[in-house]
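Asks: Now for the letters of each chain:
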Amino acid sequence: MRFRRLKAIAAKEVLQIWRDPRSLMIALLLPFTQMFLLGYGVNLDLKHIPVCTFDREGSQLSQDLLKRFQASQYFVIARDLQSYRQLVAAIDDGDCSLAIVVPPDFSERLNDSGGASVQAILDGTDDNTANIAFGYAAAVVDNFSNSVQVSWTDRQGRALQQIQPMVVQSRVWFNEDLESRNFIIPGLVAVIMALIGAQLTSLTIAREWERGTMELLISTPVKPSELMFGKLLPYLALGWVDAAFCLVMAALWFGVPYRGTLAALFVTTTLFLIVVLSIGYLLSVLIPNQVGASQIALLVTMVPTILLSGYVFPIDQMPRVVQDVTYLIYSRYYVTIVKDLFLKGSSLTELSTPILFLIVYATAVMVLAARAFRKRLD
Amino acid sequence: MNARQPAEPQIIVESLVKRFGSFVAVDNVSFRIGRGEIMGFLGPNGAGKSTIIRILCGLLRPTAGRALVAGIDVAEDPERVREHIGYMSQKFSLYRDLSVEENLRFFGGIYRVPQSELAERMRFAIDMAGLGGREKALVSTLAGGWQQRLALGCAVLHRPPILFLDEPTSGVEPRSRRRFWDLIHTLAATGVSVLVSTHYMDEAEYCHRAALINQGRLIAVGSPEELKHTALGGELLLLEIGNLGAALAALADAPDVLDCSVFGNALHVLVRDAERSFRELPGFLGQKGLRPSRLERIKPSLEDVFVQLIALDMAKRRAA
Chain L
1 MRFRRLKAIA AKEVLQIWRD PRSLMIALLL PFTQMFLLGY GVNLDLKHIP VCTFDREGSQ
61 LSQDLLKRFQ ASQYFVIARD LQSYRQLVAA IDDGDCSLAI VVPPDFSERL NDSGGASVQA
121 ILDGTDDNTA NIAFGYAAAV VDNFSNSVQV SWTDRQGRAL QQIQPMVVQS RVWFNEDLES
181 RNFIIPGLVA VIMALIGAQL TSLTIAREWE RGTMELLIST PVKPSELMFG KLLPYLALGW
241 VDAAFCLVMA ALWFGVPYRG TLAALFVTTT LFLIVVLSIG YLLSVLIPNQ VGASQIALLV
301 TMVPTILLSG YVFPIDQMPR VVQDVTYLIY SRYYVTIVKD LFLKGSSLTE LSTPILFLIV
361 YATAVMVLAA RAFRKRLD
Chain G
1001 MNARQPAEPQ IIVESLVKRF GSFVAVDNVS FRIGRGEIMG FLGPNGAGKS TIIRILCGLL
1061 RPTAGRALVA GIDVAEDPER VREHIGYMSQ KFSLYRDLSV EENLRFFGGI YRVPQSELAE
1121 RMRFAIDMAG LGGREKALVS TLAGGWQQRL ALGCAVLHRP PILFLDEPTS GVEPRSRRRF
1181 WDLIHTLAAT GVSVLVSTHY MDEAEYCHRA ALINQGRLIA VGSPEELKHT ALGGELLLLE
1241 IGNLGAALAA LADAPDVLDC SVFGNALHVL VRDAERSFRE LPGFLGQKGL RPSRLERIKP
1301 SLEDVFVQLI ALDMAKRRAA
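Residue numbers (my numbering), protein chains in the order written: chain L, 1 to 378; chain G, 1001 to 1320.
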């Protein structure tokens, strides 16, 4: 491999990138828009669940209970209902995903037998939301029921002896507030970089074929490896600008705590960029037309990265076979790395396994791409 | 076919065959090109000219036969061949979004022209192409003739001893074409061997030797003079006559007439012996009630030669 030729190719690519401001703008603006769209769009925390109330008693006690829903950050009262018919309509129209019905004999039964029930009707179309909403609702009712018990024993003039044999004192590490955003945004950086990285290079070879410049280029003594590195280098620089945008936005705009070292972030991000850029380049070598190469690049990067990298869906919850498949998804390594760097502040040594996988991956793809490139027309 | 072989052959092609599936693009072609020689490839579109050039550049693998470029077998070591050649492909293939200077610098880097020589070589290429003052212009803004000369400049930047030019003058206006050929001659004078294809028949006159290619076969090779004198296998007469169609039909049966074709408002008649036909043809035509207004011996142009040769080749193929 001759450095002189590599340099000539790289310099030419830089000029071509520079002379095509539209593509350059897209390459630089895409990470911004994607971070905003997906960063705000994907949120697994359920807050402000719309809830409808149907108070069939209208007593002080029933109103006290419903006020607790209002006070909770997890719920907002969408409407007060007057009949079951309204309730059905409210659920049907999607005005609320949870309806709380207080029975007409609520206070009476509570005072008499010390046991009353409240009805919760849930919209089960989204089972996940329904589950969580029910959990929160049960907690609100539990809480209320405790305070009723306290005041009841007070009135009896007895001190309540609350005996709790065991208590779990939980302390969450790394993502202390259990903000799903802290978990998703670092992974999102990986998703966006996988997407943009492969797009950047998927066009480079196809463009030479389509513009007719390739025939002359392959008649020169240029080596496939010189062509590949010469083309990858400028895009690595561009990829780094994109990655820096995403990472800085994750830390400063979305406020995800960053606890690792910058050196570790630089090394791992560079490795990941090399992998995705090489994949785009390989596709470009295999598919000599721009539209086709770009479409395939989108398909092979986005779908597996979103579904199988552990960015949202935890890998250890997947069936065994699928888990094995995820080892082939290069993004899973960077998703792990970037999450650990942000939240745990892991060191390079602690991340050596995924880093090793990325190195193997990058080498394999580059060897494939260099070999797949033929300096022939037949 | 001319048997004379050039001294110091830079290109040796022996029984070259290229098939694409069942289509025979190059059919048993042999020729040699000497140092400093300009060999022209002529023939209709699709004759196989580009295919032969691409094989010699190592871009296509020959199906059979042998091709040596600068003494290197192109099938065995195309990479080493590429160090010794300059190539202008049929389709313009410089970077249109780069400037004149940037294209030259790029190819200087690819061919590893020593840094100390690069400035001087670029100057040479720019002067040669007449692009002085346009160094910063984007290639896309240049007219066709300028683009072609720049492409030639890029192809010779690394001083290759062998140049392959595939239809370098197609689509270029006549004055630029003339100028382009002057450049080719200047390069050949320094010892560069040039293989240049064209579909302009008149451009054969500019070559040291020309090869006529039809349907993958090389049907004649020689200097323009040799081709005019010997390749036809006869002598040419010009016949002006009132009824062209009838004369054409009559001459098909005439003795000693090898071929006959319409040229403008006259006929070109290929005969075995001009003197004899000169005496006998008017009588033969007179028997059929045809009276030639003019009959004279003419020196064939290369276009005559090629039209005749291709017609003869087609007839031979049909017969076979």
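A portion of the hints provided could be inaccurate.
Said to hold, decoys possible - Only pairs whose alpha carbons sit at most 25 Å apart, straight line, appear in this in silico BS3-like list of lysine-lysine: (1) G/K1316 / G/K1288; (2) G/K1228 / G/K1091; (3) L/K7 / L/K375; (4) L/K375 / G/K1091; (5) L/K375 / L/K223; (6) L/K7 / L/K344; (7) L/K223 / G/K1091; (8) L/K375 / L/K344; (9) G/K1136 / L/K7.
Note that these hints are calculated values from the structure, not bench results.
The structure presented is a predicted model; accordingly, all values stated were derived computationally and were not measured.
Asks: Each hint: holds or not?
Replies: Each hint tested on the structure:
As the CA atoms of G/K1316 and G/K1288 are separated by approximately 29 Å, the hinted pair breaks the 25 Å bound. The straight-line distance between the Cα atoms of G/K1228 and G/K1091 is roughly 31 Å, outside the 25 Å bound, and the hint therefore fails. Using a Cα cut-off of 25 Å, the hinted pair L/K7 and L/K375 holds, with the two alpha carbons roughly 20 Å apart. Taking the CA atoms of L/K375 and G/K1091, the gap is about 17 Å. The hint holds against a cut of 25 Å.
For the suggested pair L/K375 and L/K223, the alpha carbons sit about 9 Å apart, so the restraint of at most 25 Å is met. A threshold of 25 Å between alpha carbons decides the hint, and for L/K7 with L/K344 the separation of about 40 Å lies outside it, so the pair is violated. For a cut-off of 25 Å, the pair hint linking L/K223 to G/K1091 stands: about 22 Å separates their Cα positions. Between the alpha carbons of L/K375 and L/K344 the distance comes to roughly 48 Å, so the proposed pair goes past 25 Å and is violated.
For the hint linking G/K1136 to L/K7, the alpha-carbon distance of about 21 Å falls within 25 Å, and the restraint holds.
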